[in-house]
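With chain A held as given, fit chain U onto it using these hints.
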Amino acid sequence: MPSSSDSAWGTSSEQDPDHTGWPASAFAGIIPGMTTAPVFDVFLYSALAALAAAVGVLPRALGLRPGPTTYGWSNAVAAGLMFGVAYVLMTLGLEGGLLAGGVGAILGVIVVRGTHAVTGSGELDLMNPTGAHSALGRRAVVSDLLHGAHEGLAIAVAMTLSLPLGITVAAALAVHNVPEAMILTRVLDAGGVSRRRILPLVVASNVAQPLLAVTGFVALRELPAAIPVVTGFAVATLLYLVLEELLPESYRQAGHTSIAVVTALAMGVVVLLAGVS
Amino acid sequence: MNDVTLVFLYALATAVATGLGALPFLFVRDLSDRVVALSNAVAAGLMLGASFGLVSEGTVHGRVETVIGAVLGVLFILGTQRILGGQDEEELVFEAATGESARKMLLMMIVMTVHSFSEGVAVGVSFGGGMTLATVITVAIAIHNVPEGVAITAVLRPQGVSVLRCAGWSVFSSLPQPLMAVPAFLFVEAFRPALPYGLGFAAGAMVFMVLVELLPDAFEQGRRSSVATVTTLSVVAMVLFQQWL
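First to last, the sequence lines map onto chains A and U.
Numbered per the working numbering, the first sequence finishes at 277, counting up by one with no gaps.
Numbered per the working numbering, the second sequence finishes at 522, counting up by one with no gaps.
Accuracy of the hints is not assured; some may be wrong.
[Claimed, not checked] Beta-carbon label-pair distances, calculated as ranges:
1) L223(A) to L352(U): 44 to 52 Å
2) F464(U) to L272(A): 39 to 47 Å
3) R469(U) to P200(A): 54 to 62 Å
4) R469(U) to L272(A): 19 to 27 Å
5) D280(U) to E95(A): 28 to 36 Å
To be clear, the hints were calculated from the coordinates, so they are not data collected in a lab.
Note that beta-carbon positions come from the ideal geometry of N, C-alpha and C, so glycine has one too.
Same shape as in the complex, but just chain A (with noise of 0.2 Å):
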């Protein structure tokens, strides 16, 4: 019995006075008389969150070894925060477009299926790999590359519903980079990758997230029709990851109930802040 019409989401309008769905500035308040442009923000956040994944190296660079059970918490967590995102995103962004929504959700399937296949990139499993540990880490930066541009479109549609909410996301990906970027240092690790470029390519193969944010915003500010399409879309691909890649290899990391009490845990988490926000 949802009613998702009067639900506790959005800005307040005292955030809000012109009921755009954003304040003056997101630094309104913060340091006085200083405004910046919607659009600046939208990368601001959304770069933020991509340079998150540098804190994934750090434990390798230490000469830290994780073992399974951490990596598979980590993943938990990563996917208890993105179905957490899922759950935010389609309260707020299918109301008027159920129809669209469906169809987004349709064809998000398709196109991560589509991409997974040219690219080899689906099914991975990162932690026992099989064959040439180079060609892992190819595949690797590939799979995280797209898995950043539709973390990219899943920021992009929160942060044309209103700030608060972009910020939500944003902050959730973040937290969510960094185990996605634990795994892909120790796969290039693996694969003979200097330590010195490691960083850079785990940092350039989050660059899709930033970039997909703020064209998907602006191209949503000039065609608000298309919200729950892309809603639609954002959120079945968002799903889709944490169902193929980040439970399955989760699960055999670290046992079913550890693993569910995490991702439960993380997924609570993002309906609180969704509040605070």
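Coordinates of chain U only, in the frame set by chain A:
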């Protein structure tokens, strides 16, 4: 007919509608591993979608309360799992199955039956807003229950339970709805504060059941890409369906 009888009968009708969810399985003859995996994926998607709806409704009444309820729901399933896991394999019987199969079916029935308690409260509280909308609400909830019957049958049918008995168990799982709707209708003000906790509890229990049982089973028996496709589309379909209602 007085209002209380009407609320009970309306809520009973919504429970009976859950049995309709077994009907699509009349046309599924093949119960290979792949079909079992995809059945689990359908159930997982529908339950996740239903949980999103419950959380959305719960947060309107209280965000923190909903999340507390969800945590309690997760703890409830963990406790139930522990109790069922401690049972002797031979003693654990559900329908014709014993051991692991019986445990999974029992857990599914417990989750879906318990979640109906909070839905029943939601029904009763909604009816408290006036009987003029009662018919509309009843039809909406009855239709909403059908995919829940699909989810239950998707788990029971691959274990060899007949379609008719799956329908029976689906209706059984929704019986708390009429039982809880009447007191909730009579004492709306007393029940309203408990609603976000109840909705959160139901959502937490269902999400956890999906994550700890249905998805791991689906991944064991089917291809990851097929399971991901079916679950994703089921989640989206359930959310769209609920928003449409």
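So, going through the hints one by one against the coordinates:
Judged by the Cβ atoms, the range 44 to 52 Å given for L223(A) and L352(U) holds: they are separated by roughly 46 Å. The supplied range of 39 to 47 Å is broken by F464(U) and L272(A), whose beta-carbon atoms lie about 30 Å from each other. Taking 54 to 62 Å as the suggested C-beta distance range, the pair R469(U) and P200(A) conforms, at roughly 56 Å. In this structure the supplied range 19 to 27 Å holds for R469(U) paired with L272(A), their Cβ-Cβ distance being about 22 Å.
A C-beta distance of roughly 33 Å is found between D280(U) and E95(A), which places it inside the suggested range of 28 to 36 Å.
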